[in-house]
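S.K.: The task is simple: from the sequences and hints, build the whole structure.
Residue numbers (our numbering), protein chains in the order written: chain A, 1 to 282; chain B, 1 to 350; chain C, 1 to 292.
Note that these hints are calculated values from the structure, not bench results.
Take every hint as true, because none was put in to throw you off.
Once the Cα atoms are required to be at most 20 Å apart in a straight line, the calculated PhoX-like pairs of lysine-lysine come out as:
no.: 1; chain 1: B; residue 1: 102; chain 2: A; residue 2: 187
no.: 2; chain 1: B; residue 1: 102; chain 2: B; residue 2: 131
no.: 3; chain 1: C; residue 1: 100; chain 2: A; residue 2: 271
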Amino acid sequence: MVEDRPFLNFLAHLVLVIGVLIVAFPVYIAVIASTHGPDDFLSGMIPLLPGDRGLDAYRAMLTTGLSTSGAPPLGGMMLNSLIMALGVAFGKIAISILSAFAIVYFRFPLRTLAFWMIFITLMLPVEVRIFPTYKVVADLGMLNSYPGLIVPLIASATATFLFRQVFLTIPDELVEAARIDGAGPMKFFRDILVPLSRTNMAALFVILFIYGWNQYLWPLLITTDSKYYTIVTGIKRMADVADSVPQWNYVMAAVVLAMLPPVIVVVGMQKLFVKGLVDAEK
Amino acid sequence: MAGIVLEGVGKSYDGKTLAVQGINLTVADGEFVVLVGPSGCGKSTLLRMVAGLETISEGTVSIGDRVVNKVEPADRDIAMVFQNYALYPHMSVRQNLAYGLKNRKMDRAEIARRVDEAAKILEIGEYLDRKPRALSGGQRQRVAMGRAIVRDPAAFLFDEPLSNLDAKLRVTMRGEIRLLQKRLGTTSLYVTHDQVEAMTLADRLVVLNGGRVEQIGAPMDVYKRPASAFVAAFIGSPAMNLLPAVLSGGTVQFGGGRVAVGDGLPDGRITLGIRPEDLRPAAADEDGAFEMPVAYIEELGSQRLVHGSIEGEDVVCAVPAERPVGESLHLTADPALLHVFDAQSGARLN
Amino acid sequence: MKRAIFGHKGLPWLLLAPQLAITLVFFIWPAGQALWQSFLRQDAFGIKTTFIGLKNYQALFADSYYLNSMKVTAIFSVSVALVSMVVALLLALALDRTLKSSKFYTTLLVWPYAVAPVVAGIMWWFIFNPTIGILPYLLDQIGYDWNHGLHSQDAMALVVIASSWKQISYNFLFFVAGLQAIPMSLREAAAIDGAGPVKRFFTITFPLLSPTTFFLMVINVVYTMFDTFGVIDATTAGGPSQSTMILVYKVYRDGQLGANLGSSGAQSVILMAIVVTLTIVQFRFIERRVQY
Chain A
1 MVEDRPFLNF
11 LAHLVLVIGV
21 LIVAFPVYIA
31 VIASTHGPDD
41 FLSGMIPLLP
51 GDRGLDAYRA
61 MLTTGLSTSG
71 APPLGGMMLN
81 SLIMALGVAF
91 GKIAISILSA
101 FAIVYFRFPL
111 RTLAFWMIFI
121 TLMLPVEVRI
131 FPTYKVVADL
141 GMLNSYPGLI
151 VPLIASATAT
161 FLFRQVFLTI
171 PDELVEAARI
181 DGAGPMKFFR
191 DILVPLSRTN
201 MAALFVILFI
211 YGWNQYLWPL
221 LITTDSKYYT
231 IVTGIKRMAD
241 VADSVPQWNY
251 VMAAVVLAML
261 PPVIVVVGMQ
271 KLFVKGLVDA
281 EK
Chain B
1 MAGIVLEGVG
11 KSYDGKTLAV
21 QGINLTVADG
31 EFVVLVGPSG
41 CGKSTLLRMV
51 AGLETISEGT
61 VSIGDRVVNK
71 VEPADRDIAM
81 VFQNYALYPH
91 MSVRQNLAYG
101 LKNRKMDRAE
111 IARRVDEAAK
121 ILEIGEYLDR
131 KPRALSGGQR
141 QRVAMGRAIV
151 RDPAAFLFDE
161 PLSNLDAKLR
171 VTMRGEIRLL
181 QKRLGTTSLY
191 VTHDQVEAMT
201 LADRLVVLNG
211 GRVEQIGAPM
221 DVYKRPASAF
231 VAAFIGSPAM
241 NLLPAVLSGG
251 TVQFGGGRVA
261 VGDGLPDGRI
271 TLGIRPEDLR
281 PAAADEDGAF
291 EMPVAYIEEL
301 GSQRLVHGSI
311 EGEDVVCAVP
321 AERPVGESLH
331 LTADPALLHV
341 FDAQSGARLN
Chain C
1 MKRAIFGHKG
11 LPWLLLAPQL
21 AITLVFFIWP
31 AGQALWQSFL
41 RQDAFGIKTT
51 FIGLKNYQAL
61 FADSYYLNSM
71 KVTAIFSVSV
81 ALVSMVVALL
91 LALALDRTLK
101 SSKFYTTLLV
111 WPYAVAPVVA
121 GIMWWFIFNP
131 TIGILPYLLD
141 QIGYDWNHGL
151 HSQDAMALVV
161 IASSWKQISY
171 NFLFFVAGLQ
181 AIPMSLREAA
191 AIDGAGPVKR
201 FFTITFPLLS
211 PTTFFLMVIN
221 VVYTMFDTFG
231 VIDATTAGGP
241 SQSTMILVYK
251 VYRDGQLGAN
261 LGSSGAQSVI
271 LMAIVVTLTI
281 VQFRFIERRV
291 QY
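M.R.: So this is what it looks like as structure tokens:
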């Protein structure tokens, strides 16, 4: 702060408070709606104050699901989302750190080609090659399966580049000292590189967990068996029905449940989250 | 324990030009040899070839009686101390010391014994459970030494280990390294660009320039009889005066005076070397004395350095602290303390 | 470039194998398929295919729906980038003035990043629901009849708001980082030179923030082009009358409706070309900023 002007300080706080309110507004509405009974949505306006149903909607959604739209309980869907998010996060970190290790610490023929092949994945988000990829996964018999949900998403140029950056900042002398200390490449990787990249891995994990949890188009396409629905795709299927049969309280309870885990991760690990976000864009 | 032998060792990075060439050197068992030279002279490359961190393009390196050209660094029975210490930042001091022993599958009791012993020698016992970042520069330096000691290797390799320390600590650690090496009697090869460090530490010096050996010898021999103008300029502080001159009949005409250089030298252009402390103030009318106008004086406390110029060449003369100096100084030099170098090749002539 | 490396020849390939295998099978092969198909025509029964060169592309660029989709995508991307960046910059500037409580505000502002686009879409869809939504009710009070199911502008406004809401937190964090990177002494010097807060922003802060702004511009365009699929699907599904049919959503819809593979391939290839262009722009920029 350059000079002390009470009015400007007040204005700053005002802007921030308004910002916080705008950001929170949709979620407030969703939480309120989830505490009402279905009849409160038949006409008039969305309620703005808490209803009398408490956590009933959540209980119903987690255990029995929305019978009218044939949706299974959310508990199972959340588990699927968790499996997918963890699978994508761990998978991406594992294959990226290995390839970054290969690229930084070895010289081998066609190294540049390998580097470019990885780079290409940066340019091909799943959305742009959606049907050919679907066909590949279908041909491999991976529709309606966890590997089908996870594996096609775990190649990552961003994570590989991030680890490459981290490795490049590790002094050469450390490798040399390790070599003199009798450590081969894999021992060096396990004893030195992995421990030294731990914070970066944790930060990346936060970002990738959110990425995996929030995947929509891909699971929507390849899961037709409700056993493999993730919560994000499940909600949409529910909401489609809710438009004709207003069960907003249930839909909004599901909305809150769907965003709770990633939001908790971001708020609880804010420092790692910010680091992950900034690192990943370098 | 073992010595190190280098025979015709050369290094080329591009397959054409040699960064280091024709190095022959024998380091005796228990000897402390210092490789010294300006940056880019190839001293670090040479050390890294001995360590196995660089491939050897020509010649052979032997440690003990074994040629190690193709041997992995871990299997050469050497330990290395790096300029930036290269301590593993995520491991405690104890783990740092033990890492190399663990990788060699040494049994745990023996590892603990060695670590404790090294810690005692280096007085780092109380830091054993700290991480390197919680240590000062001097402490890290000791840990780096400790990592070498625990291995009990055939040879220590030091790559400018004191460069990251401040001036005062550097002097202390220099002494400690020397004492430690004497006590352990381990063959050591030490790289530095600092000629004072080289002089004070070495049993023998290897002066390198442009990838070649200029001179090998005991520090005082190198100081007293530098083999080339390069060595003469590099070793000794303040640096030797090197003056272009013409030799005729064993004498040199100089600044209105005349210096007898000695017999048996061919007439012609030479570079005359005189150490500042070998220039002696003389009476104005003394035979052969030459005159130097004084530009400025540096006070060192124990002596004063008088800077001036003779025939356009800068000359430095060291005189005792209490000696008064006027606007000019008459100087003379003992012929036995003069160094004569070929004007072209720089090779010593006398 | 590392000086110290390991000499093994086979090991690096082993380490790269998982990444390369997945890239080949799920990225390069499908992308190649899309490219190949974009040059082919399939007959109605899917039995015979003929090579027709660039005809699929010509057809696309002659298709008014496709051209409309391009226009919609451009308007949508630029709007979301502008709205979310302006709001984020405002918040970041305000945060920069509050020293003590900045962490508190940051926590309250960043969490929407964690909300899935489709979930954000559903929430805003609920708020803007023409029958019971709160905002249409308020708009009705001032005489505006909101119905994103019927009015194109309303639909566009809805998807822009929902997409921007989610993106503010990201832009905010980068603007805060950008502001913190500007040395305080510069602003102090300007203050001593007599520049007030507003003048200081336009002559010192904003110009020094331009690398961040440019970077965010590219990132936001990429985000709106590809990651907002869920927002569109949850709110307007591209309607009404194609007014929010962005390119990514069109590929999906055409594919679902069983459009011919050639056209679908050509659409994918055009999208890839756009991503490649944006990635190169982004990387050239980053390379200038960060020395490898």
